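**Student:** If you want the building blocks of each chain, they are given just below.
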Amino acid sequence: MSFRCEHLSKSFALRDGFVQAIDDITFSVRDGEFVSIVGPSGCGKTTLLKLITGLLQPSAGTVVLDTVGENGRPASALVFQEHGLFPWMTVLENVAFGLETRGVARTERQERAMAFIASVGLAPFADAFPHQLSVGMRQRVGIARAFVTDPRLLLMDEPLGSLDAQTRLLLQEELLRLWTRSRSSVVYVTHDIEEAVLLGDRVLVLTGRPGRIQGEITVPLGRPRRLEYATNPDVGAIKWQVWKMLEQDARRSLSMSSTEATSSEAPAAP
Amino acid sequence: MSRGNGLRSLGTGGRPALLVTLALGVLWEVWARGRSASTILFPPPSVIGATLAKQAVSGELLRTVAATLRRLAFGFVLGGIPALLLGLVMGFSAKVRAAVDPVVAAAHAIPKIAVLPILMILLGIGEAPKIVVVAAAAFFPLLINTMAGVRQISPIHFEVAHSYGASALRVFWRVLLPGSLPQILSGARLALNGGLLITIALEIVAARTGLGAAIWLAWQTLRVEELFAALVVASLLGVGFNATLIRLEKRIVPWHSTPEI
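Chains as they are written, first to last, in the working numbering: chain Y, 13 to 282; chain U, 1351 to 1611.
Since the hints were derived computationally from the structure, they do not count as laboratory data. Fair warning: this is a prediction, and the values are worked out from it, not measured in the lab. Every residue, glycine too, gets a C-beta built ideally from N, C-alpha and C. Hints are supplied without guarantee of correctness; some may be wrong.
Residues on chain Y that point at chain U, a partial pick, calculated with CB under 7 Å [stated by the list, open to error]: (1) THR65; (2) LEU90; (3) PRO99; (4) PHE137.
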């Protein structure tokens, strides 16, 4: 489904004033489109996703979705970072959770969940608890949990963060395969420039705090995407373009976090 | 006496724990029978064992333990249920927590046994005031642990539940309760052990049945071996509670493992 964000802003109250997380963000996503968002850490990417799903209310601006959920199909589902799984539920229960809340009968939801668990290669671990799995396996569970509800819009918050490079490549392929089957729209937040380019039809580049849209790049690669595209000279050029947009902010946030660290340590020193 | 087997199944430390316990028992036996100690004040384990066996045969042991366990059980339920409910609410709502916390902290600091006289004036000298004191002792550890259990649930789990459109009731059953269950069970363990201490203490002061009463009677008649026998039973009860709750915990919170001591 398509949706658009119009002049979205969000600020949070702190003890001494406000912090502006994102500021005046406007963009739209077409039906079936895969949009990547990259930005320096702390640019409000997670906040943006929460605004789109309605977990947070914007301070200003609106999110316009072209449909609401229908026929047991939710409008959107959010893939959280690895800590999003319920530690007290088995893999099967975790994946079936989105169906459970929609009132799908037990046998049916277990069947549907098992199909997705199998498709991410975790069938032997259906009855395991998250703490018994590796980080990569947990993230596959998180991805399966979102896909099983067949949402019209998938919002992913660094679903492959904190993975080693090899596992990451494999899961990128898996993710593309699942998405190709579902044809939902995707907003994919990542801090990995190459990942953003390889997966997305478009890459939105955000600035540092407060997050604003700094630029937008259309990726001229066909579908289905293959990971070999990483060696494509176009990809190198786009990555460079994205990096040039990010560079200044990245450097600034690096120096800011180092001064923050020293100033917060200062009072503790004897 | 089947002490070895009992400890093997009840204890959680396995063979080393068994060996240490046995070694201490032997040391005690040798020391108590040596000339430096008085067997009247420090009866050797064999004498204590014989006393226990005699009490077991006569049925006195069972009556005594039953009286203590009965008070503990009623008190645990009477104090535990409100502790659980209030703990969940206080864990979930910062407003309720802020309002109630000072009262809880103040009441927690009162030695529970000290309110027994007041309760006896209010409720008479029967079982009721004793059970209320045990309930008060069980209430606080369970309340505080339940509250902490709810508070340590990561906000992301509530967000996940909301993002999938979970109803308030489902959030309670699928997130709030299982998320805090490991801590609730540790609270129950503390409540049970604390409750046992208080039960025995108040039996010393104000009861004619139960382990505490047996301890006091043994002291007044200077039957020291009976006094030690009662202490052994009390400590075995404590070991039993712990082992049972750890086993229970493994069954009902298999996703969580508590260090076993």
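**Student:** Against each hint, give a clear statement of whether it holds in the structure.
**Tutor:** Structure-based check of all given hints:
A least Cβ separation of about 6 Å between THR65 (chain Y) and chain U falls short of the 7 Å threshold, and the interface hint therefore holds. Among the interface hints, the one on LEU90 (chain Y) holds; its C-beta lies about 5 Å from the nearest C-beta in chain U, closer than the 7 Å criterion. The interface hint given for PRO99 (chain Y) is met, as the beta carbon of that residue sits about 5 Å from the closest beta carbon of chain U, less than 7 Å. The closest approach between the C-beta of PHE137 (chain Y) and any C-beta of chain U is roughly 14 Å, which is over the 7 Å cut-off, so the hint fails.
Violated hint: 4 only; the structure is consistent with all others.
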